[in-house]
Amino acid sequence: MNYTVSDFLNTYEAKVKLIAGAGGVSRVIKDVGILDYELDKSLKGRYFYTSSFRDQLVLTTFLCAKDDPYMIGEGVKHLLKQGAAALAFRNVFRLSIPESAIRFADSRNFPIILINSMELYFEKIIYDVNRHAERMRNIGFQQDEINVLLSGNLSAGDARAHARLINPSFEDRFAAVYFKSGEYFGESEFEECFRRYERSPLNTLASTMCLYKNGAFLFYSSNDTSNSFGDAFAAQAMREIFPDVENLSAGISRTHFSLTEFSAGIREGLYAALLGRSLALPLLHYERLGAYEIIFPFAESLEMQEFRQRVLEPVSEYDAENRTNLLDTLRLYIASGCDMHKAALDAAQHENTIRYRLEKIATLTGLDFKIQPQMEELSLAIRIDTCIRLLQNEIV
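Per full-length UniProt numbering, residue 1 is the first one in the sequence shown, and the count goes up by one each step.
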């Protein structure tokens, strides 16, 4: 990820104002420079036009234009020639910015930013921008931020702040899509997919793709309600970004309308991808999780674990002692929608074999699959067990 002019504007949104070059807010900022003496004509031949500002956010007070405001236009032309990313201007001398300089910057999509706050010192800007640019180039930093957001110990304001560290240009309306690979997926595999992402229409200033464990998150934000975050959106991402990744499953969060809900969005995308992977589904939306939606967040609580143990431990112990597959049969029966015929087909067994095993489970647990409330207990215990196993394999 690169740090852009848009990111700078969103980081200091209350203290700066874009006055020209709105078409260039996607320009990448790699460093910060200061335009000071370079345009002073009295230094021509010694320091005049000698500094390089390539890919820099250039800070200035335009001291050199104090007696000649048209030097502002010369400065803009000089920075464009040098390949600067943008110009940030503190107007301490109350200079009148020539309209010609504004029009020129607009025509070349060169951002000119007015620094409104006297409390935003150049030293702080230099430190903050360099730190942000370095962080956004660091794959590990984004993974660390996702782990912080998953920790569950953040206030709504802290969640928003950490989301903005991942991408300062995030808009409030967003969805999180987690792409879970069934094969090894490390940094080199991610970088190959990220290059495809950069060339795709899914790559916007308000969106980000991050490596996370054995997969990747796509955080897509847009306040334009005509942009849908549904199955078609995720399917497009799978085609364009992950065409060569085998055994891929995607989980889509709900659409959220505030970055204060960013932690919830991460969890939803992750839960949906994990469950989709276990069910061999290429795509699963969080809103279709059913009972899993309420189980996932609390699956590792003491109460859930005790319930699972009380119901399933007699079955698992019997399987271990007798080398049987009662627990797998129960999972298969529940996955079939409690359809005896379908479960038998899926297990390649006779229906009577499935029925016998379920009756044995009833003897061991005291829960009869033919009695609806008792079957619901068995089903709940299996779902809790599924969530716990998936979470233990994925989340720190």
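Derived by calculation from the structure, the hints in this document are not laboratory data. Note that CB positions come from ideal geometry on N, CA and C, so glycine has one too. Hints may contain errors.
As the list claims (entries may be wrong) - Straight-line alpha carbon distances no greater than 20 Å define the calculated EDC-like cross-link-like pairs of lysine to aspartate or glutamate that follow:
#  : residue 1 : residue 2
1  : Lys213    : Glu192
2  : Lys213    : Asp224
3  : Lys81     : Glu123
4  : Lys360    : Asp319
5  : Lys66     : Asp106
6  : Lys77     : Asp55
7  : Lys342    : Glu376
8  : Lys30     : Glu134
9  : Lys30     : Asp128
10 : Lys213    : Glu183
11 : Lys370    : Glu394
12 : Lys81     : Asp67
13 : Lys77     : Asp36
14 : Lys360    : Asp339
15 : Lys30     : Glu189
16 : Lys342    : Glu321
17 : Lys360    : Glu394
18 : Lys15     : Glu123
19 : Lys124    : Asp55
20 : Lys17     : Glu171
21 : Lys66     : Asp55
22 : Lys360    : Glu313
23 : Lys77     : Glu123
24 : Lys81     : Asp128
25 : Lys81     : Glu119
26 : Lys124    : Asp31
27 : Lys213    : Glu394
28 : Lys342    : Glu317
29 : Lys213    : Glu171
Stated by the list, open to error - Taking CB as the label site, the calculated pair distances span:
#  : residue 1 : residue 2 : range
30 : Asp231    : Arg137    : 28 to 34 Å
31 : Ser301    : Asp158    : 20 to 26 Å
32 : Ser200    : Asp158    : 29 to 35 Å
33 : Ser258    : Lys15     : 34 to 40 Å
CA of Lys370 to CA of Glu394, is that 20 Å or under?
violated, 35 Å
What's the verdict on Lys77 and Asp55, does the C-alpha distance respect the 20 Å limit or exceed it?
holds, 15 Å
Lys213 and Glu171 were given as a pair; does the straight-line alpha-carbon distance stay at or below 20 Å?
violated, 25 Å
Are the Cα atoms of Lys81 and Asp128 separated by 20 Å or less?
Judged against 20 Å, a Cα distance of about 26 Å means the pair is violated.
Please work out if Lys124 and Asp55 have their alpha carbons no farther apart than 20 Å.
The given pair, whose Cα atoms are some 19 Å apart, holds under the 20 Å limit.
20 Å limit on alpha-carbon distance, applied to hinted pair Lys360 and Asp339
holds, 18 Å
Holds or violated: are the alpha carbons of Lys124 and Asp31 at most 20 Å from each other?
Roughly 13 Å separates the two Cα atoms, so the pair holds.
Verify the proposed pairing of Lys30 with Asp128, using a straight-line Cα cut of 20 Å.
At roughly 12 Å apart (the allowed maximum being 20 Å), Asp128 and Lys30 satisfy the hint.
Restraint check for Lys360 with Glu313, where alpha carbons must lie at most 20 Å apart
Holds: Lys360 and Glu313 sit about 14 Å apart, inside 20 Å.
Has the given pair, Lys213 with Glu394, been kept, meaning a C-alpha gap of at most 20 Å?
OK: Lys213 and Glu394 at ~8 Å, within 20 Å.
Given hint Glu394 paired with Lys360 - CA-CA distance at most 20 Å:
violated, 33 Å
Does Glu192 sit within 20 Å of Lys213, going by the straight-line distance between their CA atoms?
holds, 16 Å
Checked against the numbered hints given earlier, the structure breaks hints 2, 3, 5, 11, 12, 15, 16, 17, 21, 23, 24, 25, 28, 29, 33 and satisfies all the rest.
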